[in-house]
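The listed protein sequences correspond, in order, to chains A and B.
Mind the numbering: the first sequence is residues 2 to 303 in this note's numbering, read in order.
Mind the numbering: the second sequence is residues 172 to 256 in this note's numbering, read in order.
Don't read these hints as lab results, they were simulated from the structure.
Heads up, a few of these hints could be off.
To be verified - Below, a list of computed lysine-lysine pairs in the DSS-like style, where the Cα atoms sit at most 27 Å apart:
no., chain 1, residue 1, chain 2, residue 2
1, A, Lys-32, B, Lys-226
2, A, Lys-20, B, Lys-230
3, B, Lys-181, A, Lys-17
Unchecked claim - Covered, in the sense of this in silico footprint (three residues per stretch, anywhere, with C-beta under 8 Å from a C-beta of chain B), are these stretches of chain A:
no., segment
4, 24-35
5, 41-48
6, 124-133
7, 266-277
Here a beta-carbon is modelled for each residue, glycine too, at the ideal position from N, C-alpha and C.
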Amino acid sequence: MAEQSKKIDKSTIIEKPIKEFQHPQESLLRKKAIPTIYCPGCGIGTTINAFLEAISKYCQIPHDQIFVVSGIGCTGRASGYVNLDGFHAIHGRAIPFASGVEIAKPPMKPVIISGDGDLFSIGLGHFAHAARRNIDMTVICVNNAIYGLTGGQDAPTTPVGAKSRTTPYGKISFPFNLSHIAIANGATFCARYTVYEYVQLSKAIARGMNHQGFSFIEVISNCHVHFGRRNNLGDAIAMRQMFKKARKRMNEKDIGLDIHKTDIIFEAGKGFTKIPTGIFLEERDEPEEFSERIIDAYEFIK
Amino acid sequence: MEVHQHPEKKHYIITDESRCKGCGLCIEFCPKDCLGYSVEINEKGWRVSKMHRMKDCIKCYMCERMCPDFAIFIGENTKEEGAKD
Chain A
2 MAEQSKKIDK STIIEKPIKE FQHPQESLLR KKAIPTIYCP GCGIGTTINA FLEAISKYCQ
62 IPHDQIFVVS GIGCTGRASG YVNLDGFHAI HGRAIPFASG VEIAKPPMKP VIISGDGDLF
122 SIGLGHFAHA ARRNIDMTVI CVNNAIYGLT GGQDAPTTPV GAKSRTTPYG KISFPFNLSH
182 IAIANGATFC ARYTVYEYVQ LSKAIARGMN HQGFSFIEVI SNCHVHFGRR NNLGDAIAMR
242 QMFKKARKRM NEKDIGLDIH KTDIIFEAGK GFTKIPTGIF LEERDEPEEF SERIIDAYEF
302 IK
Chain B
172 MEVHQHPEKK HYIITDESRC KGCGLCIEFC PKDCLGYSVE INEKGWRVSK MHRMKDCIKC
232 YMCERMCPDF AIFIGENTKE EGAKD
């Protein structure tokens, strides 16, 4: 009986459909660039899908006011697949480009989609200073814990004990906690989700874009080709099942003052065993953002 | 493009074999185990994802949300849904 129910049923195929079906986000994609160059099962495609759903479904910002900037890396190609205004900026300098757009045209909403290697190794100083000034922008950082594009060297987010091309016996130095950096430097919105939690991620992106001020969304993604294969974590399916087990929902009250509760725990051989996810910080009484302060200063001088 | 229509709920599932890379995420995370790999390969040499048992589909959107390559999606039957209301 079980084998009979597993049979392929072709009776439901419609040869001549009434209308031409399109993907819900088809109008926001650059069709010449699709299919993407990413490896099969990569989490960056899911992140782009979540971002497009956020701007088309959950937030009411008009599409001609959204500006997508990305740096170098696998995730840096995201601005090329999205049919919105944007830059493919130089390495590590996605945030300064977006700051210029925001200061020159305050109604614009810059969105930075970039990787952990771009934003937090070469671009760490720019990130810290943009968070300090509270510039109105949304940073979506796809964290796959390794330098994927260049062949799997260890990144500042690679956890202790993880193997990579440059640390074949396991990494010995400590990784960054990206949400910790963002909160410590003065970001006013901070969230973390894995690629498995698609709807929550999409809603968090929309909430961060509606927020006036610096908002940071960290996406834990799977690099099964370099990180998963060297650490025996399996393919894309196995890594997403691991995220499904490891995620642990937290909010502002659960964390309190002990920011180390948001640390990601990695065990060699087992993979990620605890990934705290959720919205870690959302300031209700928002301090003035940077472009408003500049306008106020000009009026004072006049 | 292969279009399947549910016999009762009348919604569509569309699989685009020119975009699919055969990663298997939609097949794994489908709660009703409706999807499966195709027997034939596409022009780039991947075994693509195909709808095998449309009668079991519950329109949970899991395949559309998991797909990183925009290759599988749900088509709404807007006319008939409007008629029900």
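Next item on the list: Kindly indicate which numbered hints from before are broken by the structure, ordering the numbers from low to high.
Entry: 1, 6, 7
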